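What follows is each chain in one-letter form.
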Amino acid sequence: MNVRRFDALIVGGGGAGLRAALQLARSDYKVAVVSKVFPTRSHTVSAQGGITAALGNVDDDRWEWHFYDTVKGGDWLGDQDAIEFMCREAPSAVYELEHMGLPFSRLDNGRIYQRPFGGQSKNFGGEQATRTCAAADRTGHALLHTLYQQNLAARTQFFDEYFALDLVRDAEGYCLGVTALSIETGEPLLIEARATLLATGGGGRAFGNSSNALINTGDGLGMVLRAGLPLQDMEFWQFHPTGIAGVGCLITEGVRGEGGYLLNKQGERFMDRYAPHARDLAGRDVVARAIAIEIAEGRGCGPRGDYIDLKLDHLGEAAIAAKLPGIRDLSIRFAGVDPAHAPIPVAPTAHYMMGGIPTNLHGQVVAPARFGPEEPVPGLYAVGECACVSVHGANRLGGNSLLDLVVFGRAAGRHMLDYLRDNPYPRSMPDDAADASAARLARWERPGSERVAAISDDLRRTMQAHCSVFRTDVSLRQGLAQLDALEARLAHAGLRDTSRVFNTARIEALELDNLVGVARATLVSAIHRTESRGAHTREDFPERDDERWLRHTLYARAEDQVDTKPVRLKPLTVESVKPKARVY
Amino acid sequence: MKFRLYRYNPESGVQPRMQDVELDIDPAGRMLLDALIAIKAQDETLSLRRSCREGVCGSDAVNVNGRNCLACITPLSTLKEPVEVRPLPGLPVIRDLVVDMEPFYRQYRSIRPWLVNDEPEPEVERLQSPADRALLDGAYECILCACCTTSCPSFWWHPDTFVGPAGLLQAYRFIADSRDEATAARLDNLEDPYRLYRCRGIMNCVDACPKGLNPTEAIGRIKALLVKRRV
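Going line by line, the protein sequences match chains P and V. Take 1012 as the starting number for the first sequence in our numbering and just add one per residue. Take 22 as the starting number for the second sequence in our numbering and just add one per residue.
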C-alpha cells in the first residue's frame, strides 16, 4: 500500500473539517484533508437559514440567553460546559467568518443581518429573540465556499475524492492515521498523521425520508465502531418539521422566522394548541410531533391528507425574493408551488443526528478507559455532526449546527496544534496497520447474490417505519430483527462490477457497511432509553425521566453493549440551568 | 422512458459508446437524477457523481439532449425521448458520466478566489451597506458545477489559458466586494488576451447556468473596469 505522511489529517471537507484544517494550515505543520467529494459538494452547502450567535444586531441579546435556550432546547441532555463554551465563542466565530469574506446579508446600518429562529428567547425564556445570522437562505453555501477559499489561500493539501476506510491505531490506542481509497484510481492508500480529525458528517441517509445529501452515510461513525470505540446518544435524531412532502428537501425554519406559519386542512394555525407561547417557532421536535399528530388524526392537507401547508405568501413577493430566494426555487422545482402565491406542502423529514462520536470540548474523542468514562483517545479528534460534544443534547436548535462546526472546528484545530507540539515524533506504524482495510476491500471482490442497492433501500424503509418520530419497544425490536436479517443478507452481497476506475458501486457498498452501523447503534440505543426526551419520543414511555435518564447513552458494537455516563450539568463559569418542564 | 447513455470504462479496452436503456419510471414529479439512480440500481456499472440531490452542491452536471444541466433539478417530464445523457463536454472523461474537473478547478484557483483585506481586523464585523452587499448577488451563488464553462466554445479551445465564465464570475465576485482590497491585482491578473479576452460574448454560459446567474454580464463589467482604469 502506498503511504503518505502528514503532521495532521482531516477526514471530511465540510464546514467542521475545513475550519479545523485552516487552523492547522496557517501554522507550520503539514495538514491534509481527505474528502470523498470535492469539498464544496459537502452537505454543509445545503444549510439554509443561518448561524446563531448573540450579536445583538437587531435586538438586545446576550450569549447567556443563547446558552439557556440551547440547554432547554436540548431537553437538558446537552453538556452545559460545552454549551457555555459554544455560546461564548459564537460571536467571535461569526465575526471571523465575516472577516474571511462570508457574504452575510446586511442590515441598513451595515451590520450582519439576523433573523428569529425556533427556540430563541430573550431574558431566559422571555420574548422571541432575533439571533440567527444569515446570508439570505444560502448560509451554508456561503460558509462552505468561504472556508474552502481560505484553505486554498493557506495552501491546505487536499485529497479530493478519496474515501476513508478505517482508523489506524497502535497497541496503546494512539491513532496513527487512516487508510483510504482513491475513488478515481481504486488504489488504496495509507495516510499517516500524528493527529487525525474525523469531520465526516451525519448519517441521515439511514432514513427513507431525509433532508440529507446522498453522501451522508455516517462514514466516520462506522470507522469508530470498527475501531472498537463507542458512539453516544445515537437514539436522538432530529426530524425537521418542514421537509417538502414526499421529497424530503429542506424548507428552512427561517421561513417561519420571517413570519410564515403552518396550517392544517381546516385552515387552523394548529401550533397554537401545541405551543401557545412560541407557536410556529417552538423547538423542532415539538413542531415535528405536532405535524405528525395532525396528519395521523386526519387533519393533514391534500388528497391523501399526508402533509401540512406552510403559508408564507402574506410576506409578499419582494420579501420572499430578498430573504428566501433559495427555498422559493426549491419549492417551485420539487413541489410545483410558488410560495409567493400558494402554501408549500411539508412533512417531517430526518434531518440531523444529535448523537455521534463522544468528544470533549477540545474535540478530542473520549471513551471509557481505566481512569473514567471520558479518557481522550490520543491523536484522535472528531468535530461537527459526526461528533457528540454534546451541545445539542436531545434536540438541536436551528442555527446551532453551523455554529457547532466553526466553534469546535477551531477549538479542535487549536488543540491539535498543542498535541503536535507535545508529541513531536511519529510513533512506529504496526506491521498489520492496513490489514483490516485490505480484508474489507477483498471482501467486496468476492461474488455474491444479494445487491447493495436493494439492501440499502430496505435499510431505509426499516428505519423509517420503526425508528421515526414516534417509537415503541415493540416497533423498535421489530426494526432490530429486520436489521439482523439485512445484515445476514449483506454477508451474501457482492458487486457485479469490480473494476478499479471510479467504481461508485464499490463506494456505495463500503458506505452501506457504515450505514448499517449507524442504524444498529440507533435502534439499540432507542430500545434502551425508556423515556421521552427531546426528539426521542417513546409512546410507551411518554414522560421525561430525569431520575433514571439524565444520562448519555454509550453504544459499543461488541455484543450491542449499551452503557451510560452522566450529563455535565456544571457550566464553565455561569450558573447551571436546572432541569424543569420544557414548554414553549 | 427511453434513455441513451454515454458509456466508457477505461479498463475495458472498449471505445466509448452510447447505450440504449429503457426504464419503467413515472416521470411526474421525478428528476433526471432519480432515473439515473434507478438505472444504476439495475446496472451498477454506471458511474456518476451526485451528492445533495437538490441543486446546491453542483456534483451532477451532465449534458442532456445537448444542454448542460444538473440532473437533480431537471424534471423528466421536460425531456424529449430518447433522453441522451453525456458527460460535460470539453473536459477529459474519466468514466461514463464522470469527467476530470481539474482543468476547471485550476482556472478557478487561478483567480485567487479569496477575500483580500490586510487592514487590521475590527473587533466586530466589517460594515457593508445593503447596496454594496447587493452587488454580490448573482455572483456569490455559484456552485462550481461547470455547466457554464463546459458549454463555452472559447474554453473548449483554450482550457489552459482562458479562465472561463465560472472563474471570471468568481473574479468579479471579489472585485465587486466592498471589503476586498485587491481589485488592482485582480484586474492585472485578468488583463490578458487569453485569460479574459477570449470571451466572445457567445452567452452559452448564461443559457447553461442552472442557478440563473449571468457570467457574461460580470465579464462585461470586468472589461469595463479595465477600460476605465486606462482612460
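Rather than coming from a laboratory, the hints here were simulated on the basis of the structure. Quick caveat: nothing in here was measured; it's all calculated off a predicted structure. Here a beta-carbon is modelled for each residue, glycine too, at the ideal position from N, C-alpha and C. Among the clues, some could well be false.
To spell it out: a stretch of chain V is covered by chain P in this simulated footprint if at least three of its residues, at any positions, have a beta carbon under 8 Å from a beta carbon of chain P; those stretches are [stated by the list, open to error]:
| no. | segment |
| --- | --- |
| 1 | 115-127 |
| 2 | 154-167 |
| 3 | 171-185 |
| 4 | 195-201 |
| 5 | 211-225 |
| 6 | 242-252 |
From chain V, some residues computed to sit far from chain P (all C-beta separations above 12 Å) [what the hints assert, rightly or not]:
| no. | residue |
| --- | --- |
| 7 | E43 |
| 8 | G50 |
| 9 | R51 |
| 10 | L54 |
| 11 | K61 |
| 12 | Q63 |
| 13 | E65 |
| 14 | I94 |
| 15 | L100 |
| 16 | P103 |
| 17 | P110 |
| 18 | E142 |
| 19 | E144 |
| 20 | R147 |
| 21 | Q149 |
Worksheet item: Taking the closest pair, is the beta carbon of I94 (chain V) still more than 12 Å from chain P?
Response: Non-interface label fails for I94 (chain V): nearest chain P Cβ at 5 Å, not farther than 12 Å.
Fill in: Distance rule for G50 (chain V), whose beta carbon must clear each one in chain P by more than 12 Å
At roughly 7 Å from the nearest Cβ of chain P, G50 (chain V) sits no farther out than 12 Å, so the non-interface label is violated.
Practice prompt. Quick one: see if chain P covers the segment 242-252 of chain V, three-plus residues with Cβ-Cβ under 8 Å.
Written response: violated (count 0)
Fill in: Cβ separation check - R147 (chain V) to all of chain P, threshold 12 Å
violated (6 Å)
Practice prompt. May I ask you to check that K61 (chain V) keeps its beta-carbon over 12 Å from the closest beta-carbon of chain P?
Written response: violated (7 Å)
Worksheet item: Any Cβ of chain P at or closer than 12 Å to Q63 (chain V), or is the non-interface label fine?
Response: violated (9 Å)
Worksheet item: In terms of Cβ atoms, is chain P entirely out of 12 Å range of P110 (chain V)?
Response: holds (18 Å)
Fill in: Nearest-CB test (12 Å) between chain P and E142 (chain V)
violated (5 Å)
Fill in: Distance rule for L100 (chain V), whose beta carbon must clear each one in chain P by more than 12 Å
holds (15 Å)
Worksheet item: Regarding the assertion that L54 (chain V) does not contact chain P, is the least Cβ-Cβ distance greater than 12 Å?
Response: At roughly 9 Å from the nearest Cβ of chain P, L54 (chain V) sits no farther out than 12 Å, so the non-interface label is violated.
Worksheet item: Non-interface claim for E65 (chain V): all C-beta distances to chain P beyond 12 Å?
Response: Nearest chain P Cβ is 4 Å from E65 (chain V), so the label is violated.
Fill in: 8 Å C-beta criterion, at least three residues: is the segment 211-225 of chain V covered by chain P
It is violated: at least three residues are needed, and the segment 211-225 of chain V offers just 0 whose Cβ sits closer than 8 Å to chain P.
Of the hints listed earlier, those the structure fails to meet are numbers 3, 5, 6, 8, 9, 10, 11, 12, 13, 14, 18, 19, 20 and 21, in rising order.
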